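**Q** Sequence:
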Amino acid sequence: MRTRPVIGLTLDAEEPGGYSKLPWYALRQNYFSAVAEAGGLPIALPHDPERAGEYLGLIDGLLVTGGAFDVDPALYGDTALHESVTLKPGRTQFELAITRAALAADKAVLGICGGEQLLAVAFGGTLIQHIPDAIPGALPHEQPNPRTEPGHAVAITPGTRLAAIVGAGPMHVNSAHHQAVATPGPGAVVNAMAPDGVIEGLEHPGHRFALGVQWHPEYKVDRQDLTILRAFVEAARG
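Numbering-wise (the working numbering), the sequence shown opens with residue 1 and increments by one.
Derived from the structure by calculation, the hints contain no laboratory data.
Derived Cβ-Cβ restraints for the label pairs, each shown as a range: (1) Pro144 with Glu50: 37 to 43 Å; (2) Gly57 with Gly197: 37 to 43 Å; (3) Glu149 with Ser33: 16 to 22 Å; (4) Gly57 with Pro136: 44 to 50 Å; (5) Ala134 with Thr3: 44 to 50 Å; (6) Pro46 with Asp196: 32 to 38 Å; (7) Gly137 with Leu58: 44 to 50 Å; (8) Gly137 with Ala105: 40 to 46 Å; (9) Leu81 with Glu14: 20 to 26 Å; (10) Pro140 with Asn30: 20 to 26 Å; (11) Tyr19 with Ile43: 18 to 24 Å; (12) Arg223 with Pro136: 31 to 37 Å.
Predicted model only: the values in this text are computed from it and were never measured. All C-beta atoms in this analysis are idealised placements derived from N, C-alpha and C, irrespective of residue type, glycine included.
The whole structure should be built from the sequences, with the hints applied where relevant.
**A** Have a look at this one:
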């Protein structure tokens, strides 16, 4: 008898080369191990938008992971494409389909890094395509030091679900992104902010658990990172 909630993790996709001469999926092991440590049973979700509903029926919670690519600006109404933007249309199509289905079904959703940006787009929000061009004097959000170390602090917004989970903060987090949320979308709220004004987290109080963070809590850089994952898994338990 299963006692752990099943958490579906979205995979990254890579072109031929390296591991295989054919296209292949990839995901860091610490995504899976951190979810397991938080009490969940992690499974991987291949990119098949037509079967998103069937996959959703197998899981209790959805974790939308990050990756070295960007959401197509056309999906949030931006007709220009910054030269730094890299697209993975198949991945984005699946992630958007299953995220919207999970939100409609009121299943727990956690977005990490690019997954937080995808969640904002699912909420009807918009993104900054390239932080250095949009925010003069911004912090180095693609931190030069290892991802296992903090890159900067984030302030936690009082009264949010994130604040209820981690406390007043601040948190000291890693940072591996060149884009950020510009507007969180109707009904969604910002729950974390970097010192330079870059949005670092968002959530939607209209759902059971719909929360995104711009950093990578699976690395457990801050002492409260695992607390976020545990809160997500517990929400998925229903």
